[in-house]
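J.: If you want the building blocks of each chain, they are given just below.
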Amino acid sequence: MPAVDETVEQVRSIDVDQYKYGFETEIETEKAPKGLSEDVVRFISAKKDEPQWMLEWRLEAYRRWLTMDEPTWAKVDYPRINYQDIYYYAAPKAFVAPKSLDEVDPEILRTYEKLGIPLREREILAGVQRPDGEGGGSRVAVDAVFDSVSVATTFKEELKKAGVIFMPISEALREHPDLVRQYLGSVVPVSDNFFATLNSAVFSDGSFVYVPAGVRCPMELSTYFRINERNTGQFERTLIIADKGAYVSYLEGCTAPRRDENQLHAAVVELIALDDAEIKYSTVQNWYPGDAHGRGGIFNFVTKRGDCRGPRSKISWTQVETGSAITWKYPSCILRGDGSRGEFYSIAISNGYQQVDSGTKMIHLGKNTTSRIISKGIAAGRSNNTYRGLVSAHRRATGARNFTNCDSLLIGDKCGAHTVPYIEAKNSTALFEHEATTSKISEEMLFYCQQRGMSAEEATALVVNGFVKDVLQHLPMEFAVEAQKLISISLEGSVG
Amino acid sequence: MPLLEIKDLHVTVGERPILNGLDLVVNKGEVHAIMGPNGSGKSTLAHVLAGKSDYVATGGSVTLDGEDLLAMAIDERAAKGLFLAFQYPIEIPGVATMTFLRTAMNAQRKSRGEEELSTPEFMKRVREAAGKLSINQDMLRRPVNVGFSGGEKKRNEILQMALLEPKLAVLDETDSGLDIDALKVVSDGVNRLRSPERSMIVITHYQRLLDHIVPDVVHVLSRGRIVRTGGKELALELEERGYADYQEEAA
Ligand SMILES: Nc1ncnc2c1ncn2[C@@H]1O[C@H](COP(=O)(O)OP(=O)(O)OP(=O)(O)O)[C@@H](O)[C@H]1O
Ligand SMILES: [Mg+2]
Chain A
1 MPAVDETVEQ VRSIDVDQYK YGFETEIETE KAPKGLSEDV VRFISAKKDE PQWMLEWRLE
61 AYRRWLTMDE PTWAKVDYPR INYQDIYYYA APKAFVAPKS LDEVDPEILR TYEKLGIPLR
121 EREILAGVQR PDGEGGGSRV AVDAVFDSVS VATTFKEELK KAGVIFMPIS EALREHPDLV
181 RQYLGSVVPV SDNFFATLNS AVFSDGSFVY VPAGVRCPME LSTYFRINER NTGQFERTLI
241 IADKGAYVSY LEGCTAPRRD ENQLHAAVVE LIALDDAEIK YSTVQNWYPG DAHGRGGIFN
301 FVTKRGDCRG PRSKISWTQV ETGSAITWKY PSCILRGDGS RGEFYSIAIS NGYQQVDSGT
361 KMIHLGKNTT SRIISKGIAA GRSNNTYRGL VSAHRRATGA RNFTNCDSLL IGDKCGAHTV
421 PYIEAKNSTA LFEHEATTSK ISEEMLFYCQ QRGMSAEEAT ALVVNGFVKD VLQHLPMEFA
481 VEAQKLISIS LEGSVG
Chain B
1001 MPLLEIKDLH VTVGERPILN GLDLVVNKGE VHAIMGPNGS GKSTLAHVLA GKSDYVATGG
1061 SVTLDGEDLL AMAIDERAAK GLFLAFQYPI EIPGVATMTF LRTAMNAQRK SRGEEELSTP
1121 EFMKRVREAA GKLSINQDML RRPVNVGFSG GEKKRNEILQ MALLEPKLAV LDETDSGLDI
1181 DALKVVSDGV NRLRSPERSM IVITHYQRLL DHIVPDVVHV LSRGRIVRTG GKELALELEE
1241 RGYADYQEEA A
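Taken in order, these protein sequences are the chains called A and B. Numbering of the first sequence is given in the working numbering, commencing with residue 1 and proceeding in unit increments. Numbering of the second sequence is given in the working numbering, commencing with residue 1001 and proceeding in unit increments.
A few of these clues could be false.
[Unchecked claim] When the alpha-carbon atoms are kept at most 16 angstroms apart in a straight line, the in silico EDC-like pairs for lysine to aspartate or glutamate are as follows:
#1 A/K47 with A/D69
#2 B/K1080 with B/D1065
#3 A/K361 with A/E433
#4 B/K1153 with B/D1179
#5 B/K1184 with B/E1165
#6 A/K440 with B/D1179
#7 B/K1110 with A/E458
#8 B/K1110 with A/E457
#9 B/K1052 with A/E443
#10 B/K1153 with B/D1065
#11 A/K367 with A/D338
#12 A/K160 with A/E171
#13 B/K1052 with A/D338
#14 A/K485 with A/E458
#15 B/K1028 with B/D1179
[Claimed, not checked] Ranges of calculated distance between the beta carbons of each label pair, as one might list FRET restraints:
#16 A/G416 with B/V1056: 28 to 36 angstroms
#17 B/G1131 with A/D77: 31 to 39 angstroms
#18 B/D1138 with A/N405: 22 to 30 angstroms
#19 A/K414 with B/N1191: 42 to 50 angstroms
#20 B/D1065 with A/Y78: 49 to 57 angstroms
#21 B/M1123 with A/Y78: 28 to 36 angstroms
#22 A/K414 with B/K1232: 35 to 43 angstroms
Source of the hints: derived by calculation from the structure; they are not laboratory data. We put the beta carbon where it would ideally sit given N, CA and C, even for glycine.
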């Protein structure tokens, strides 16, 4: 069976367990000493064999971080995080960067297999060359990050031929130090915010992508993040650069074992689009959300920002957020180049005791810049779901346009949905439109569907899929099916 | 042979008794009309048959084809062949009518252990049934009942009935809100579905519907009980004299 189909099939086959990714992999790991200190920062940098400037950069971030306070403005409520009680680095033991998949620890490969993530290039290739010529082009290059290190990157050779660099950022620091140095921290500065600064000090791995001028990346790129170790934080760093006229579509997926304790995930993603370039960034976020009583789950504090640096460049964020106990995440666009465009398409689902505070910022700096925000929040159980968005036009941004549509759907009456839009226009030619609705899956609606023969789950899935379809269509085809299924799974038990 | 058998049914809605010892037998292939004053419990009967949650049967029994209907879940009843045409059809934003129909048909097929319909087969069935009810493709692409006129909503109910091919259809005031032409389209649609294997309960206030859908039996429901049963001429009598007599009787 082609790997992608298999993925879909595996997601489809779950009906008993709501979070099927909750298993743990038995593997020997090497960790940094618990807690955070200059020594731990040095340890991480040394483990990665980093250049001196990178260590300095990290140490500066660490010193800045010591002076900062955890933000409290988001509508999320969680116990204080003890930053000294976390491991900041965990790597599969005796880890040497594998040259090919055959060198990767079979336990880890099995983990990704269980997750339904296609790592085996041959299988993926087999998936493309369908004799009937149907559904071609579903090739995906994967970078797999296990705790703090990248364990496998596929399709490297073929991408290299196209001139595309796709590798773990730790490797890029060694092989392309100048590129990394030029762009790292240029969108999310070291001292940007508490969590981003923490990440800058201790980030362990993540993906690096560079698409040279005029190149259309020949396949989807994707990274799968997996937190496995207990008491371990994950701090990945992703840096994507699309040079002039380049195009790339990138997808990230994430899962973690089921655990009683909360685990911290504080990632930073930076995107840079130069003149006429386009970056499409999609996320299917499925970190462990905690159990039915709100125990455990990932604290997800993420800074994602794209810089439309060149004229007519375009950055588009699509996210399907179903996991995490706490989500604090605002993928944003800085529309610097004249005529550049930012898009944000989001489906954020919360169930159980999950808390989501997510949205976007569209910062219009250049002339005739445009942005579009479509956000669909779904709250079920006892969850809280907040959309927080900022649209601003600066003095130079004449002719800026934004359209925002922000809909919330409530399932049951113990959950909450909130919309917090901020709008700032510093010039009179900016035109911002905002639409918002809140609706509810009513008893009546469910009864009507059930009377026609659907189960309560089928009925809910039908209504929810109708609600999110405008966003779903922006996901790459291969993942849309998976995301749709994931949505149904995460809403299981929300009715009846 | 009785398809539906209701014996001494008592139903409360939020503590309040609405049906008080209702008896009704509908044989295979028969069409029964239920008439009665506003608030007498007609829609309550329809809802309790369909299994709506706030309608609680506190006594009595209901069987469909000999099986205990009240013990079944809502969707199970539907799969067993019970269909309710709603007095007020529900709007479902974002869900194309076509998608809704297909999901419903396949859900019922699945619970009966049948194969899902293929796309061409489904399309063929919908096109045929929709054509007969003057429902155009555009309407099928729109979200379920959203922005539909009163008449369109009722036609959509009959379309669903035609596609789901129930054993027992309960039509709750399907004539309300219809203009004269639409009434004809809808009643023709219903009449086409009459068969020796299919029974119907038609709830209405007006004789004019019964001119089109001629019932085998007419009942008068008042204060939660069937207070009189007769042939089709009973409807004519009611049209003339109103319900005054029965309200007395039930008191
Ligand atoms: N969900 C409900 N909550 C409270 N009362 C209800 C509910 N449903 C029905 N009732 C009450 O039960 C009684 C019977 O209502 P029902 O809708 O069955 O009447 P009906 O015969 O269908 O009337 P109409 O001819 O006006 O449609 C009414 O007094 C109504 O207010
Ligand atoms: Mg009624």
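J.: Against each hint, give a clear statement of whether it holds in the structure.
T.: We went through each hint and held it up to the structure:
{"no.": "1", "hint": "A/K47 with A/D69", "result": "violated, 29 angstroms"}
{"no.": "2", "hint": "B/K1080 with B/D1065", "result": "holds, 9 angstroms"}
{"no.": "3", "hint": "A/K361 with A/E433", "result": "holds, 15 angstroms"}
{"no.": "4", "hint": "B/K1153 with B/D1179", "result": "holds, 13 angstroms"}
{"no.": "5", "hint": "B/K1184 with B/E1165", "result": "violated, 20 angstroms"}
{"no.": "6", "hint": "A/K440 with B/D1179", "result": "violated, 32 angstroms"}
{"no.": "7", "hint": "B/K1110 with A/E458", "result": "holds, 12 angstroms"}
{"no.": "8", "hint": "B/K1110 with A/E457", "result": "holds, 14 angstroms"}
{"no.": "9", "hint": "B/K1052 with A/E443", "result": "holds, 9 angstroms"}
{"no.": "10", "hint": "B/K1153 with B/D1065", "result": "violated, 30 angstroms"}
{"no.": "11", "hint": "A/K367 with A/D338", "result": "holds, 5 angstroms"}
{"no.": "12", "hint": "A/K160 with A/E171", "result": "holds, 15 angstroms"}
{"no.": "13", "hint": "B/K1052 with A/D338", "result": "violated, 58 angstroms"}
{"no.": "14", "hint": "A/K485 with A/E458", "result": "holds, 11 angstroms"}
{"no.": "15", "hint": "B/K1028 with B/D1179", "result": "violated, 31 angstroms"}
{"no.": "16", "hint": "A/G416 with B/V1056: 28 to 36 angstroms", "result": "holds, 30 angstroms"}
{"no.": "17", "hint": "B/G1131 with A/D77: 31 to 39 angstroms", "result": "violated, 56 angstroms"}
{"no.": "18", "hint": "B/D1138 with A/N405: 22 to 30 angstroms", "result": "holds, 24 angstroms"}
{"no.": "19", "hint": "A/K414 with B/N1191: 42 to 50 angstroms", "result": "holds, 47 angstroms"}
{"no.": "20", "hint": "B/D1065 with A/Y78: 49 to 57 angstroms", "result": "holds, 55 angstroms"}
{"no.": "21", "hint": "B/M1123 with A/Y78: 28 to 36 angstroms", "result": "violated, 51 angstroms"}
{"no.": "22", "hint": "A/K414 with B/K1232: 35 to 43 angstroms", "result": "violated, 51 angstroms"}
Violation of the numbered hints given earlier is confined to hints 1, 5, 6, 10, 13, 15, 17, 21 and 22; the remaining hints are satisfied by the structure.
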